[in-house]
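Colleague: Sequence:
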Amino acid sequence: MSLNLYNTLTRRKEEFTSIEPGKVRMYTCGPTVYNYAHIGNLRSYIFADVLRRTLEYFGYEVPQVMNVTDVGHLTGDVDSGEDKMELQAEKEGRDIWDIARYFEDVFFDDIEKLNIEPPNVRCRATEHIDEMIELVKKLFARGHAYETAQAVYFDVTTFPKYTELSRQSLEDKMTAARDEVQEDPEKRNPADFALWFKAIGRFEHHIMRWESPWGVGFPGWHVECSAMSMKYLGETLDIHTGGEDHVWVHHPNEIAQSEGATGKKFVRYWMHGAFLVVGKLSVDEDDEERRMGKSEGNFLRLQTLIDKGYDPLAYRYLCFSAHYRAKLKFTWESMDAAASGYESLKDFAARAKQIGGEEQPWVAEHRKKFEEAIADDLNMPQALAAVNELIREADRRKEYGVLEALYKFDEVLGLNLRESAEKATIADAEIDNLIKERENARAEKNWQRADELRNQLAEMGIVLEDTPSGTLWRRSN
RNA sequence: GGCGACGUAGCCAAGUGGCUAAGGCAGCGGUCUGCAAAAUCGCUAUCACCAGUUCGAUUCUGGUCGUCGCCUCCA
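Position 93 of the first sequence, counting from 1, maps to 116 under the working numbering, and the rest follow consecutively.
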């Protein structure tokens, strides 16, 4: 079966092939650690994880690199000269480096809770300043960079393919940028982006600073991804993932820097995840759907969901209800739907585990549908439909030899079905005895005693299901 | 202002130029059941609106309305 993936570069689905057989070099744009990640951010890491797991499902080894952007970026107002992380540090009266480490830890904690496979290499921008400086030197040598009194810039007119990914003409950008005040009068083109900022003028008090051939300062906003991805994965990557917002600025810049420095193709498949948008979260507020943003007042963290009693994996399940390239509307109703759906999936796994059986030929059709779905540009809604159809057919036929298939699917789904089913059915002598006692009571039609035992087991977290062929049970947590 | 995306049942959504328009959740009505739960069966969509192309459009084209995103650090 061929794996087809949508490449933003060509705006179409393409059959995937890797540079090196059996191996996929994958880079995922990681978090900026100046604040908590919200569930919208997390959605795109779930997308990258599904991509990685799908590649692994089809037999690839996937060395994956993720950056951690711990160099402060500018605040929205370019003129302010303040730095997001410094602002945060000031606000909390803590050291900027502590802040970065703290949010990095929280981020990877969230990643773990969502059962996202950790990247093979996790790299911090602040630990790769030398590589970035080397990259900028190369760009000077090849005539792409120039220095002004304030900074070093990449001259976008020296790189004709600059607009290939964004498909946004430079003229339009220039027009659009015309009314903006250009802070640096020496900048050649409005679209030129900084490779290195000097710690002078508005950045005179910038806390994070390093020596460089262009004076003390700090790296530009996009160099780290180029420098680190090429350091760990080579000059040409198979796949580069990120959020759709990167299609217009960050990724074109990465391409320009990387290809400008090496003269080689930087990335073969660019893949971008769509945003989570927030629907009405409450009845009385007239907040229409919009993207979740750190300054939007609709900031939901994974911890927010956990505090409300949701399993983090129910959020993962929710993400599968929409295709990764389509926006997903978050509402509490859809969150509840996902939680219920995930619960019944786990219940089924526990049921199948208890009853068991040989796999029957009809299972093959569902395997096929599942695999076709993930191979078709990670169509998780279809894949999930295949899972649900498998379950329904198993229940209808009362043939439960489907665990092998289910666990195999879960290598991509990452919903911990095996762990959950095993945990739910851990044998215990006391439980066995109580259940046997209850079955005896039921045989004698001693309903009062049977209900007492049911309640007693319920207090122990055991859920009972009486069936014609005996009583099934599972642990509720 | 420029560029782009989307509008499918109560909610989240997949999909297709023509067979019964996936799946989940919620709801209603049956079956099963000592109770409970689960399971199962059935029901719930003129695919935003208008026009065009076509033998035939939800799917293609144009327009209207609505929503959203990007153009600035942001998944």
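Since the hints were made in silico from the structure, they are not lab data.
Model, not experiment: these values are computed from the prediction.
Any given hint could turn out to be false.
Below, computed lysine-lysine pairings styled on DSSO-like, alpha-carbon distance capped at 27 Å [to be verified]:
1) K446 / K468
2) K376 / K350
3) K36 / K46
4) K161 / K136
5) K446 / K376
6) K459 / K376
7) K392 / K352
What follows is a list of derived Cβ distance ranges for each label pair [to be verified]:
8) G257 / T490: 12 to 22 Å
9) L193 / E445: 51 to 61 Å
10) K391 / E150: 21 to 31 Å
Yeah, the Cβ is synthetic: ideal placement off N, Cα and C, and Gly gets one too.
Colleague: What hint numbers does the structure not satisfy?
Modeller: 1, 2, 4, 8 and 10
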